[in-house]
Amino acid sequence: GQQVMQIPQYQHVQEGEDFTTYCNSSTTLSNIQWYKQRPGGHPVFLIQLVKSGEVKKQKRLTFQFGEAKKNSSLHITATQTTDVGTYFCAGLRIAGNMLTFGGGTRLMVKP
Amino acid sequence: NAGVMQNPRHLVRRRGQEARLRCSPMKGHSHVYWYRQLPEEGLKFMVYLQKENIIDESGMPKERFSAEFPKEGPSILRIQQVVRGDSAAYFCASSPIRAEETQYFGPGTRLLVL
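Top line first, the protein sequences correspond to chains R and G.
Residue numbering for the first sequence follows this note's numbering, beginning at 321 and increasing consecutively.
Residue numbering for the second sequence follows this note's numbering, beginning at 276 and increasing consecutively.
Heads up, some of the hints might be wrong.
Going by beta-carbon spacing under 7 Å, a handful of chain R positions derived as facing chain G [what the hints assert, rightly or not]:
#1 328
#2 330
#3 359
#4 360
#5 362
#6 365
#7 366
In case anyone wonders, no lab produced these hints; they're calculated from the structure.
The structure presented is a predicted model; accordingly, all values stated were derived computationally and were not measured.
We put the CB at the ideal spot given by N, CA and C, even for glycine.
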């Protein structure tokens, strides 16, 4: 079956440092979505990428979808304590009917 | 415009009892997904339902677990004869049309089995 892997599993950064999480799928994806889950909270949708090589930005967050549509990354510039949480990617395989979530990257920001 | 509703938010059961978790999708959404999240772990897909139909239950254990989404009323995830290993957060998500759309998550039900 389809597998979606995320690395790293955990990341500690000093406030102001950059952060990147990577997502890799075992199969080509129709689209990829990113979610953020604050501690004790529920996943909240951030963005969806559909096109090969697509890059989208949301303020300090930059999302990329690989040319082969099998990998993706989320980069946060100059992290803040409000960025703390777990970031999940979720891939929809072509002709699939459900998302497969990666294991998540837990970001901790030290003030 | 209410989001996805789940109740109860917290549920405590003793081993062998039944747990019944409810999910009301967002208004206008006809697709419901259930996920399980163990502490400090990722989201594990359990089941995907549309009204009166189970579309994909490949992530749901064959025994003790069942799910439904009736024509009227919320979606129900039922766990019979709970064991300690069932302790987890159970999230429901809904989407308007299909999985390609954004999934909106409910606040989750935290199940604790004593």
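Do the hints match the structure? See the list:
{"no.": "1", "hint": "328", "result": "violated (13 Å)"}
{"no.": "2", "hint": "330", "result": "violated (10 Å)"}
{"no.": "3", "hint": "359", "result": "violated (10 Å)"}
{"no.": "4", "hint": "360", "result": "violated (9 Å)"}
{"no.": "5", "hint": "362", "result": "holds (4 Å)"}
{"no.": "6", "hint": "365", "result": "holds (5 Å)"}
{"no.": "7", "hint": "366", "result": "violated (10 Å)"}
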